[in-house]
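I would like the entire structure built from these sequences, with the hints used as guidance.
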Amino acid sequence: MRTYSFKLILLLILAALPLTQLSAMADENITISVSPSPLLIGAQYNGADLTVKGTIPAGSDVVIRFTGEPEELHLREKGKAFNLLWMNVGTVTFDNVPKVLLIETSRPFEELGPEAKTLQLDSLHNTVEVTKPASSEDIDLVHELLLLKKEESLYSEKIGGIVLGPDSGPTRTFTATLKLPSALAPGEYQVEATAFRDGKLVADSRVDMEARLDGFPLWLSNMAFNNSLLYGILAVVIAIFSGLVIGLIFQSKGAH
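Numbers -26 to -1, 1 to 230, taken from mature numbering (1 follows the signal peptide of the UniProt record, and there is no 0), label the letters of the sequence shown in order.
Don't read these hints as lab results, they were simulated from the structure. Just so you know, not all the hints are guaranteed correct.
[Unchecked claim] Pairs of lysine to aspartate or glutamate, EDC-like flavour, derived with a Cα cap of 20 Å:
1. Lys174 <-> Glu89
2. Lys27 <-> Glu131
3. Lys73 <-> Glu46
[Unchecked claim] What follows is a set of in silico ranges between Cβ atoms, one per label pair, in the way DEER data are often shown:
4. Gly206 <-> Asn20: 24 to 30 Å
5. Pro107 <-> Leu218: 43 to 49 Å
6. Gly87 <-> Asn200: 48 to 54 Å
7. Glu43 <-> Asp114: 23 to 29 Å
8. Gly64 <-> Leu208: 34 to 40 Å
9. Phe215 <-> Thr149: 46 to 52 Å
10. Gly206 <-> Gly87: 55 to 61 Å
11. Leu122 <-> Asn20: 30 to 36 Å
12. Leu122 <-> Thr149: 29 to 35 Å
13. Thr151 <-> Leu208: 35 to 41 Å
14. Asn200 <-> Ala32: 51 to 57 Å
Predicted model only: the values in this text are computed from it and were never measured. Glycine included, every Cβ here is placed at the ideal spot set by N, Cα and C.
Given below as structure tokens:
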């Protein structure tokens, strides 16, 4: 009888183990919400604040990334011709380049663990493919690309801009504001949140969001695609009108 009772207790313990593991895994989740979504790009659009909120596992830090679809870029490389003149000497092709990459982290990357390094801007050295002329100088072209993207406000990496709430049971809240650039193009984007604790990645999640044209830019885009003739006539009229206005301005200045 005792042997039977012992076996029954052992079976109950073994049966409960997967449930305990599942419960622990359920606590290691991330929720994300973004606002505004969708993002409307109208005539007055000059960049926008994107608010990212959610929950992460208790005791963890978080890295938030706003990313665009990868694309292929072709850039002119400048160099000295005949060791005299600076001019375009070839074309450099970058493949698998995110259109936009904005990064916010609650702590410095070196404090989050080795896995966090794959989320830094510098990690693009491992994913971007570069094709350059054989005569090209031996320089870090991906680094130069990152500098260019930063100047255009399409890439950024900021530390400490995320507000973390206190632990509340198995989770804690986070809030961040991402500065979306004025050059943001319409399209599909992703917001990713990755949680780290004790130097290890414990959870990650992502949501999709859309940036779309609105108002006059939308009307103009529809005209370009659906009525190219009228769009062309309108473009010519605007160009002529602009030329006349500029001419009048210079004439009035010359009269004085």
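Okay, the hints, checked on the actual structure:
1. This hinted pair checks out: Lys174 and Glu89 have alpha carbons roughly 7 Å apart, not beyond 20 Å.
2. The suggested pairing of Lys27 with Glu131 holds, with an alpha-carbon distance near 18 Å, which does not exceed 20 Å.
3. For the hint linking Lys73 to Glu46, the alpha-carbon distance of about 9 Å falls within 20 Å, and the restraint holds.
4. The given range of 24 to 30 Å is respected by Gly206 and Asn20, whose C-beta atoms sit roughly 28 Å from each other.
5. Here the CB-CB span from Pro107 to Leu218 is close to 45 Å, well matched to the stated 43 to 49 Å.
6. For the pair Gly87 and Asn200, the supplied restraint of 48 to 54 Å holds, since their beta-carbon distance comes to about 52 Å.
7. Checking the proposed 23 to 29 Å range against Glu43 and Asp114 shows it holds: the Cβ atoms sit about 25 Å from each other.
8. The hinted range of 34 to 40 Å is satisfied by Gly64 and Leu208, whose Cβ atoms lie roughly 38 Å apart.
9. A hinted range of 46 to 52 Å for the beta carbons of Phe215 and Thr149 is consistent with their spacing of about 47 Å.
10. The given range of 55 to 61 Å is respected by Gly206 and Gly87, whose C-beta atoms sit roughly 56 Å from each other.
11. Look at Leu122 against Asn20: about 21 Å separates their beta carbons, and that is not inside 30 to 36 Å.
12. Hint check: Leu122 to Thr149, Cβ distance near 31 Å, so the stated range 29 to 35 Å holds.
13. Taking 35 to 41 Å as the suggested C-beta distance range, the pair Thr151 and Leu208 conforms, at roughly 38 Å.
14. Checked against the given bound of 51 to 57 Å, the beta carbons of Asn200 and Ala32, roughly 53 Å apart, stay inside it.
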